[in-house]
Amino acid sequence: MPAKRIIPCLDVKAGRVVKGVHFQNLRDAGDPVEAAARYDAQGADEITYLDIAATLEDRGTLLDLVTRTAARVFAPLTVGGGVRSEADFVALLHAGADKVSVNSSAVKEPALVDRLSAVAGAQALVVAVDVKRRPRAAGAAQEWEVYVAGGSRATGREGLEWIREVADRGAGEILLTSMDRDGTRAGYDLELLERVAGLVTVPVIASGGVGTLAHLAEGLRFADAALAASIFHDGQHTIPEARAYLRERGIEVRP
Amino acid sequence: MSLAGTVALVDYGAGNLRSVENALREVGAAVIVTHDPEAVRRADRVVVPGQGAMPACADAMRRSGVEAALREAIGRGAPVLGICVGLQILFEDGEEAGGSRGLGILRGTIRRLPAGVKLPHIGWSPVRGRGALHPLFAPLDGQYVYFAHSYAAPAEAPETQLLAEHGRPYCAGLVRENLFAVQFHPEKSQRVGLGFLRRFVEV
Numbered sequence: 001m002p003a004k005r006i007i008p009c010l011d012v013k014a015g016r017v018v019k020g021v022h023f024q025n026l027r028d029a030g031d032p033v034e035a036a037a038r039y040d041a042q043g044a045d046e047i048t049y050l051d052i053a054a055t056l057e058d059r060g061t062l063l064d065l066v067t068r069t070a071a072r073v074f075a076p077l078t079v080g081g082g083v084r085s086e087a088d089f090v091a092l093l094h095a096g097a098d099k100v101s102v103n104s105s106a107v108k109e110p111a112l113v114d115r116l117s118a119v120a121g122a123q124a125l126v127v128a129v130d131v132k133r134r135p136r137a138a139g140a141a142q143e144w145e146v147y148v149a150g151g152s153r154a155t156g157r158e159g160l161e162w163i164r165e166v167a168d169r170g171a172g173e174i175l176l177t178s179m180d181r182d183g184t185r186a187g188y189d190l191e192l193l194e195r196v197a198g199l200v201t202v203p204v205i206a207s208g209g210v211g212t213l214a215h216l217a218e219g220l221r222f223a224d225a226a227l228a229a230s231i232f233h234d235g236q237h238t239i240p241e242a243r244a245y246l247r248e249r250g251i252e253v254r255p
Numbered sequence: 001m002s003l004a005g006t007v008a009l010v011d012y013g014a015g016n017l018r019s020v021e022n023a024l025r026e027v028g029a030a031v032i033v034t035h036d037p038e039a040v041r042r043a044d045r046v047v048v049p050g051q052g053a054m055p056a057c058a059d060a061m062r063r064s065g066v067e068a069a070l071r072e073a074i075g076r077g078a079p080v081l082g083i084c085v086g087l088q089i090l091f092e093d094g095e096e097a098g099g100s101r102g103l104g105i106l107r108g109t110i111r112r113l114p115a116g117v118k119l120p121h122i123g124w125s126p127v128r129g130r131g132a133l134h135p136l137f138a139p140l141d142g143q144y145v146y147f148a149h150s151y152a153a154p155a156e157a158p159e160t161q162l163l164a165e166h167g168r169p170y171c172a173g174l175v176r177e178n179l180f181a182v183q184f185h186p187e188k189s190q191r192v193g194l195g196f197l198r199r200f201v202e203v
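Protein chains in written order, with the working numbering: chain A, 1 to 255; chain B, 1 to 203.
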């Protein structure tokens with residue numbers, strides 16, 4: 001098994017970081033390239049950009065951002081937000097993204113997953129899935145519902161079924177976000193992670209809810225990678241601190 | 001006209017070529033991104049990156065005439081580096097997409113990594129050296145490097161100098177005289193990877 005990955009995630013909008021990144025002596029807290037270069041220097045295992053607005057007008061801005069990032073960052077870069085077609089997908093790869101994530105457009109047109117997986121191989125395609133817990137009926141198993149459009153719209157789809165479907169269709173990884181936990185700093189939805197990790201054979205990236213280093217360790221019991229935002233952006237912890245913490249707990253991370 | 005000190009980076013498919021180009025420039029190389037066989041013939045060094053699936057890549061190499069230029073480069077002693085699928089297409093054949101023919105420069109078959117482990121193999125895994133290591137590979141022994149693949153070359157290939165393991169041991173790096181190839185992505189392996197590329201452009 002490869003080492004467990006720690007992935008700082010930057011939400012971007014119109015080419016800028018949505019929530020400022022608070023590193024010491026960072027010249028421009030709102031420039032994603034500056035932040036990504038810092039995380040690269042700290043030894044982040046990967047960096048993810050999510051374009052949360054993903055408007056058509058901003059497509060060029062996002063491509064320019066990816067181009068500038070790839071010129072300075074020599075760690076894997078995943079980019080998501082607003083990918084609707086093969087052309088969008090290929091444009092991001094050509095700009096310097098190693099992996100591209102799709103979310104709403106895959107729900108709208110599931111066959112898009114098959115087609116994108118064939119373009120450059122499954123390893124270049126991440127399918128992001130945002131889910132929320134459904135009320136649990138007495139005696140029934142817990143279910144989750146898929147949300148799209150940045151978690152703003154319920155789809156009626158059952159989450160675990162959808163995840164199995166996209167894995168079968170050729171997703172190379174699942175970026176799994178718990179809408180219940182996102183932004184709460186209360187920790188990942190561990191029951192969700194455990195269920196999904198037992199369901200698919202592609203790597204699973206845990207997202208939504210990290211508030212402490214202990215949360216990273218919990219999530220990595222089930223997930224292959226841990227995505228986190230504010231605990232790194234707020235300057236609460238550095239990547240080396242997170243790695244040292246995980247190593248002390250017997251989790252394989254890079255030296 | 002000779003292009004002294006140049007690296008031809010072969011462009012033959014969909015995928016992230018830009019990162020390899022950026023990394024080569026970062027270590028001081030004069031890079032020409034090309035699918036023109038003549039440019040490959042004139043270059044001092046050739047890099048064949050990993051883009052997409054093995055069948056499509058091998059076909060594109062054949063159709064474009066780059067295959068012949070690549071064989072010439074290897075024959076005249078120019079340092080050549082294959083990365084990821086750029087390693088895989090050097091072999092005779094592969095299992096991907098129902099089977100495909102490689103360039104057959106090296107003997108062996110590219111096989112899917114076994115069931116029972118997470119696939120694709122995505123992330124940082126350690127490589128270990130086998131036998132007397134070429135100076136290009138020696139500093140990599142024991143280091144973690146970045147992988148993103150589901151298929152791999154046999155560990156038993158006689159050219160293998162670096163091994164990695166995911167479900168089974170496989171060839172992570174090989175050398176035959178002036179021909180080098182790696183299954184991992186040096187352009188994405190931070191300092192360790194850039195160091196490797198620097199040694200390649202200075203070899």
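If you're looking for bench data, these hints aren't it; they were derived computationally from the structure.
Heads up, the beta-carbon is just placed ideally off N, CA and C, and yes, glycines get one too.
Treat the hints with caution; some may be incorrect.
Partial selection, computed: residues in chain B whose CB lies under 8 angstroms from chain A [stated by the list, open to error]:
#1 Gln51
#2 Ala53
#3 Pro55
#4 Asp59
#5 Pro114
#6 Leu119
#7 Tyr144
One side only, chain A facing chain B, incomplete, derived with CB under 10 angstroms [as the list claims (entries may be wrong)]:
#8 Ala3
#9 Arg5
#10 His22
#11 Leu56
#12 Asp58
#13 Gly60
#14 His94
#15 Ala97
#16 Pro110
#17 Gln123
#18 Gly172
#19 Ala225
#20 Leu246
#21 Gly250
#22 Arg254
A quick look at each hint next to the structure:
{"no.": "1", "hint": "Gln51", "result": "holds, 7 angstroms"}
{"no.": "2", "hint": "Ala53", "result": "holds, 5 angstroms"}
{"no.": "3", "hint": "Pro55", "result": "violated, 11 angstroms"}
{"no.": "4", "hint": "Asp59", "result": "violated, 14 angstroms"}
{"no.": "5", "hint": "Pro114", "result": "violated, 11 angstroms"}
{"no.": "6", "hint": "Leu119", "result": "holds, 6 angstroms"}
{"no.": "7", "hint": "Tyr144", "result": "holds, 5 angstroms"}
{"no.": "8", "hint": "Ala3", "result": "holds, 5 angstroms"}
{"no.": "9", "hint": "Arg5", "result": "holds, 5 angstroms"}
{"no.": "10", "hint": "His22", "result": "violated, 23 angstroms"}
{"no.": "11", "hint": "Leu56", "result": "violated, 22 angstroms"}
{"no.": "12", "hint": "Asp58", "result": "violated, 20 angstroms"}
{"no.": "13", "hint": "Gly60", "result": "violated, 16 angstroms"}
{"no.": "14", "hint": "His94", "result": "holds, 6 angstroms"}
{"no.": "15", "hint": "Ala97", "result": "holds, 6 angstroms"}
{"no.": "16", "hint": "Pro110", "result": "violated, 20 angstroms"}
{"no.": "17", "hint": "Gln123", "result": "holds, 4 angstroms"}
{"no.": "18", "hint": "Gly172", "result": "holds, 5 angstroms"}
{"no.": "19", "hint": "Ala225", "result": "holds, 7 angstroms"}
{"no.": "20", "hint": "Leu246", "result": "violated, 13 angstroms"}
{"no.": "21", "hint": "Gly250", "result": "violated, 17 angstroms"}
{"no.": "22", "hint": "Arg254", "result": "holds, 5 angstroms"}
Violated hints, listed in ascending order, are 3, 4, 5, 10, 11, 12, 13, 16, 20 and 21; each of the other numbered hints is respected by the structure.
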